[in-house]
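Those protein sequences? They're chains A and B, same order as listed.
Residues 1 to 333 in our numbering are what the first sequence spells out, letter by letter.
Residues 1 to 476 in our numbering are what the second sequence spells out, letter by letter.
These are computed hints drawn from the structure, not numbers from a lab.
Be aware that one or more of the hints could be misleading.
[To be verified] Take a look, some chain B residues computed to stay more than 10 Å from chain A by CB distance:
hint, residue
1, 79
2, 83
3, 99
4, 100
5, 109
6, 123
7, 132
8, 234
9, 338
10, 341
11, 372
12, 408
[To be verified] Which bits of chain A does chain B cover? Going by a derived footprint, with three or more residues having C-beta under 8 Å, they are:
hint, segment
13, 74-87
14, 148-157
15, 174-186
16, 285-297
[To be verified] Residues from chain B shown here face chain A by an in silico Cβ test under 7 Å; the list is partial:
hint, residue
17, 73
18, 74
19, 105
Cβ coordinates follow ideal geometry from the N, Cα and C atoms, glycine included.
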Amino acid sequence: MELFDLPLIWAFIIGFGIIMYVLMDGFDLGVGILFPFAPSEGDRDTMMNSVAPVWDGNETWLVLGGAGLLAAFPMVYSIFLPALYIGVFLLLAGLIFRGVAFEFRFKARTSRYLWNWAFAGGSTVASFAQGAVVGAYIQGFETVNGAYAGGALDWLTPFTVLTGLGMLAGYALLGSTWLIMKTEGRLQEWAYRITLPLLAAVLVIFGIISVWTPFVDDLVRERWFSNLSVIWILPVLTLLCAFQIFRSVRNRFEGMPFVATMGLFITTYLGLVVSRWPYVVPPEYTLWEAASAYESQLFLLLGLLFVIPIVLTYTAWTYWVFRGKVRAGEGYH
Amino acid sequence: MELDPLLLSRIQFAFVVSFHAIFPVFTIGLASYIAVLEGLAFKTGNPVWLKLSGFWTKVFAVVFGMGVVSGIVMSFQFGTNWSNFAQATANFLGPVLSYEVITAFFLEAAFLGVLLFGRDKVPAGVHLFAAIMVATGTFISSFWILSANSWMQTPAGFELRDGVFHVTSWSEAIFNPSFPYRFLHMGLASFLTGSFVVAGVSAWYLLKGREKEANRKALSMCLWLILFLAPAQAVVGDFHGLNTLEHQPTKVAAMEGNWETSSNVPLLLFAIPDQEAQTNRFEIGVPSLASMILTHDWDGVVPGLKDVPREEQPPVAIVFWSFRVMVGIGTLMILVGLTGLALRRGGRYFQSRWFLQVLRVMSIAPFLAVLTGWFVTEVGRAPWLVYGIMDQASAVTPSLTGGMALFTLIGYIVVYALVFSAGIYYLMRVLYVGLEDRPDEDEHEAERPARPFSAAHVPFEYGDDEHRNPAGQGGH
Numbered sequence: 001m002e003l004f005d006l007p008l009i010w011a012f013i014i015g016f017g018i019i020m021y022v023l024m025d026g027f028d029l030g031v032g033i034l035f036p037f038a039p040s041e042g043d044r045d046t047m048m049n050s051v052a053p054v055w056d057g058n059e060t061w062l063v064l065g066g067a068g069l070l071a072a073f074p075m076v077y078s079i080f081l082p083a084l085y086i087g088v089f090l091l092l093a094g095l096i097f098r099g100v101a102f103e104f105r106f107k108a109r110t111s112r113y114l115w116n117w118a119f120a121g122g123s124t125v126a127s128f129a130q131g132a133v134v135g136a137y138i139q140g141f142e143t144v145n146g147a148y149a150g151g152a153l154d155w156l157t158p159f160t161v162l163t164g165l166g167m168l169a170g171y172a173l174l175g176s177t178w179l180i181m182k183t184e185g186r187l188q189e190w191a192y193r194i195t196l197p198l199l200a201a202v203l204v205i206f207g208i209i210s211v212w213t214p215f216v217d218d219l220v221r222e223r224w225f226s227n228l229s230v231i232w233i234l235p236v237l238t239l240l241c242a243f244q245i246f247r248s249v250r251n252r253f254e255g256m257p258f259v260a261t262m263g264l265f266i267t268t269y270l271g272l273v274v275s276r277w278p279y280v281v282p283p284e285y286t287l288w289e290a291a292s293a294y295e296s297q298l299f300l301l302l303g304l305l306f307v308i309p310i311v312l313t314y315t316a317w318t319y320w321v322f323r324g325k326v327r328a329g330e331g332y333h
Numbered sequence: 001m002e003l004d005p006l007l008l009s010r011i012q013f014a015f016v017v018s019f020h021a022i023f024p025v026f027t028i029g030l031a032s033y034i035a036v037l038e039g040l041a042f043k044t045g046n047p048v049w050l051k052l053s054g055f056w057t058k059v060f061a062v063v064f065g066m067g068v069v070s071g072i073v074m075s076f077q078f079g080t081n082w083s084n085f086a087q088a089t090a091n092f093l094g095p096v097l098s099y100e101v102i103t104a105f106f107l108e109a110a111f112l113g114v115l116l117f118g119r120d121k122v123p124a125g126v127h128l129f130a131a132i133m134v135a136t137g138t139f140i141s142s143f144w145i146l147s148a149n150s151w152m153q154t155p156a157g158f159e160l161r162d163g164v165f166h167v168t169s170w171s172e173a174i175f176n177p178s179f180p181y182r183f184l185h186m187g188l189a190s191f192l193t194g195s196f197v198v199a200g201v202s203a204w205y206l207l208k209g210r211e212k213e214a215n216r217k218a219l220s221m222c223l224w225l226i227l228f229l230a231p232a233q234a235v236v237g238d239f240h241g242l243n244t245l246e247h248q249p250t251k252v253a254a255m256e257g258n259w260e261t262s263s264n265v266p267l268l269l270f271a272i273p274d275q276e277a278q279t280n281r282f283e284i285g286v287p288s289l290a291s292m293i294l295t296h297d298w299d300g301v302v303p304g305l306k307d308v309p310r311e312e313q314p315p316v317a318i319v320f321w322s323f324r325v326m327v328g329i330g331t332l333m334i335l336v337g338l339t340g341l342a343l344r345r346g347g348r349y350f351q352s353r354w355f356l357q358v359l360r361v362m363s364i365a366p367f368l369a370v371l372t373g374w375f376v377t378e379v380g381r382a383p384w385l386v387y388g389i390m391d392q393a394s395a396v397t398p399s400l401t402g403g404m405a406l407f408t409l410i411g412y413i414v415v416y417a418l419v420f421s422a423g424i425y426y427l428m429r430v431l432y433v434g435l436e437d438r439p440d441e442d443e444h445e446a447e448r449p450a451r452p453f454s455a456a457h458v459p460f461e462y463g464d465d466e467h468r469n470p471a472g473q474g475g476h
C-alpha cells in the first residue's frame, strides 16, 4: 500500500542535498581556484585558514549524495557514474589532492609551492568536473534497458566544457565573496577588486549556457517557450541577485555579496531543475522510473527524518564556533 | 592484446579497498584507546594519561584523514565499475550505506573537531564525551559496512524480482547469518591492531630511553589487552570458520586446499595448489586434523573443491596461502601475549631489549593479518559477488572498456602512491617528535585549528632528509 509519493519526496531530499553540497563545498573550492592569484603567501595562509575547519564536513555531503542516490534512485547512480567514468576519476583525484594539501602545506617549508599547486589544481579540476556533470545531465545519456550504452568521452562536448567553465567562474565568485565576508585589510581589498570581473564572467558564461540549452533538447525548449511562463521569474531573480552583488560590492557591504551569490546559485539551480523536470536520466527516464523499491525508500526516510535534523544542528554549531573574521597568523581563536 | 574490463575492475577494487581498509581498522581500535585514556585522565587527574592521549590523538588525526580521502573513492566504485551490481542490490545496499553516512560519518566529523581543538574550549567532561562519540562513530560505521559485506557473503531477507533484490525483512537482511561473526572478528582485529601499534611505538621509545613513565604505562596496558584478545580472536575465528563451512563450503575447501569431499582430512601445513590439475603438489600435513578442527570429529567430512564446477572455484592458491599467513600471525600474537605475561614480574617486559625489538617489528603484523584475512574472505567467495546468486561477470559495468578501466587503475595507483607516501612520511615525523613537551617553535601553527590532520603541529619536509631539517625548528 503506497500511501505517499515517496519518489517525489526523495527527489526533494536529494535536490536539497545537492544544493547544500554546491553552496557549502562551492565556496571552499572557489578559494582553491583563486589561490594562485592571491596577493601574497601570507594571504594564502589566511585564505586556507578561512575554510580549513569546515571543508571536510562540507565534502561529507558529497558522500551522502552518492549513497543517497544509490538508495533512492539507483538508476541515476548506475547510469551517471559509468557515463561520466573518466570525469568522476578526475573529480575524485582533484578532491584527494586538495584535501591533503590543507594539512601538508602547513607542514612543508621548502616544498610548500608543490602543495599550493596541489590545492589550486585539485580544486580547479574538481570544480570543472562538477560543471561538466551538470552539462552532461542537460545533454542526456544514451541508454539501453536502463544501462548506459555510450562511449567513454561522450560527455565531453563543447557544451559541457562551457558548463565546466561556468562552474569554475561561479565557484570562484562564491570564493571571492566568502573572502570579502571572512577577511579584512589587503586581502579583503583584493577580494572586492576581483569580484566584479568574476561576476561579469559568470553572467556571460551563464548567459551563453541559457541561450544554448534550449537548442540542446526539444523538451527543454518546449518547457521554456510554451506553456509554463511563470518559470521566467527564475532568470529574472537571477539577474536581481547579480545586481544585488554589484550594488553591495559598490557599497562595500561585507556579508551581502556572499548571500546574493548564494541566491544566484539557487535560482540558476532551480531554473535547471524545471528545465528537465521530472526527468532524472534525460531523455529517457523520469524520477518515478528511476526510483528504488517503495520499502527501501521508506526504510531510509524514517531514519533520515530523525537523524538529519541532528546533523544539521552539528553543522550549524561548527560554523558558530568558527564565526567572525580570520586574521593573518591568528587562526580562529 | 585484448584488455579485460572485468579483470581490471577486480584488480582496481582490490587495490583501492585494500588501501582504504588499513586506515579504518587502525582508527577503530585507536579511537577507543584514546577514549579510555581521556577517561583515565578525567578520573585520576594524572597528567601522564593526558600526555599519551594528546600524542595518540595527533596520530589519529593523520590516519583518519587518509581514511577519509580514500573512503570517498570507495563510495563511487560500485557505480563506476560495477553498475549492474549497484542497480540490482541498491534496495538493500543503498539504505545501509546511507545509514552509515548519516549515523557515523557526520558524528565522527563533528566530534573529531571538538576532540582535536576543543580541549581549552569545552569543559573536560564534554571533551571526554567527544572522544567517546568519535569511538562510537567508528563502531557504528563498521556495523553498517560489515552488515553490507556480510549480506553479500550470506544474503538473507530478500526476494528476487526480475533480477533485482527486494528486501522482505530488514532485520534478517541486516543481521544476516555471517554478520555477527564478521563484526566480532573485525572488532577484535581493530583492538589488536591498535594494541600492537601502540605497543610497538612505546617499545621503540623505550628502546631509545624516551618518556619512560608514560610509555611503560602504555605498553603494560597493551600487553594485558593482547594477552586476552589474541586467544579470544582465535576462538571467534574458529566460530567464524564454522559459520563459513555452513554457508560457503567452497571457501573453506579453498582455505584447507581440500579437493575431494572426504573424512579424515589432513591439516595442510604446506602445499602448492595446482588449479589446472585440480590437486596439490608437495603436500605436508597433519593427518585428520582439518576434520577435527572443522567438525570437531576426527572422522568428520570436509567438503572438497571438486563439489562445484571448475569455473565456480575461487583462485585456490591465494585463499590457501592468505589463510596460512593470517593464522600464523595470529599465533605469533598469542605468543607475544604469553611472553609479556612471563616477563611481567619485576617489570622485565620493558627492560628486555629483544622483547622490545620483537614488539617493534610486530607493529606491522596486524595490518598483514587483516589484509590477508580479507583476501581469504573476498577472494574465497569468487566468482560470486552476491554469494550463489550474482557473479562478478554479470555485475560489471556493461559500457566499461578495458582501456577506461586501465586508465583509472593506473590513475589511482599514481595518486595514492604520491599522496600516501607523503602521508606516511608525515606520520613518521609525528612519531619521531614523540610525546615530549616541547616549547612551541611555531606559534602561528599552534593556533591553526584545521582538521582533520592538523592537531599535529610538526614541521614537514616533503622529500627532505632528516638531517637537512632547518635547525631553527629545534627541540628534537
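Taking the hints in turn, this is what the structure says about them:
Here residue 79(B) does not stay apart from chain A, with its beta-carbon only about 3 Å from theirs, under the 10 Å limit. A beta-carbon of chain A comes within 10 Å of the beta-carbon of residue 83(B); the shortest separation is about 4 Å. With 10 Å as the threshold on Cβ separation, the claim that residue 99(B) sits away from chain A is violated: the shortest Cβ distance comes to roughly 6 Å. Chain A draws residue 100(B) into its interface by the beta-carbon criterion, the shortest separation being 7 Å against a cut-off of 10 Å.
With a least CB separation of 5 Å from chain A, residue 109(B) falls inside the 10 Å interface cut-off, contrary to its annotation. With 10 Å as the threshold on Cβ separation, the claim that residue 123(B) sits away from chain A holds: the shortest Cβ distance comes to roughly 15 Å. Here residue 132(B) stays apart from chain A, with its beta-carbon at least about 16 Å from theirs, past the 10 Å limit. Non-interface call for residue 234(B) relative to chain A: holds, since the shortest CB-CB distance, roughly 35 Å, exceeds 10 Å.
Non-interface call for residue 338(B) relative to chain A: holds, since the shortest CB-CB distance, roughly 40 Å, exceeds 10 Å. A cut-off of 10 Å between C-beta atoms confirms that residue 341(B) is not in contact with chain A; the least separation is 40 Å. No Cβ of chain A comes within 10 Å of the Cβ of residue 372(B); the nearest lies about 27 Å off, and the non-interface call holds. The Cβ of residue 408(B) sits about 5 Å from the closest Cβ of chain A, inside the 10 Å cut-off, so the non-interface label is violated.
Counting residues of the segment 74-87 of chain A whose C-beta sits closer than 8 Å to any C-beta of chain B gives 11, which meets the bar of three, so the coverage hint holds. By the rule of at least three residues with a Cβ nearer than 8 Å to a Cβ of chain B, the coverage given for the segment 148-157 of chain A holds, with 5 such residues. Requiring three or more residues with a Cβ within less than 8 Å of a Cβ of chain B, the coverage given for the segment 174-186 of chain A is violated, as only 0 such residues are present. Remark: the segment 285-297 of chain A is confirmed as covered by chain B, as 4 of its residues place a Cβ nearer than 8 Å to a Cβ of that chain, reaching the required three.
For the restraint placing residue 73(B) at the interface with chain A, the shortest Cβ-Cβ distance is roughly 5 Å, inside the 7 Å limit, so the hint holds. For residue 74(B), the shortest C-beta to C-beta distance to chain A is roughly 9 Å, which exceeds 7 Å, and the interface hint is violated. At a threshold of 7 Å, the smallest CB-CB gap from residue 105(B) to chain A is about 5 Å, leaving the interface hint in force.
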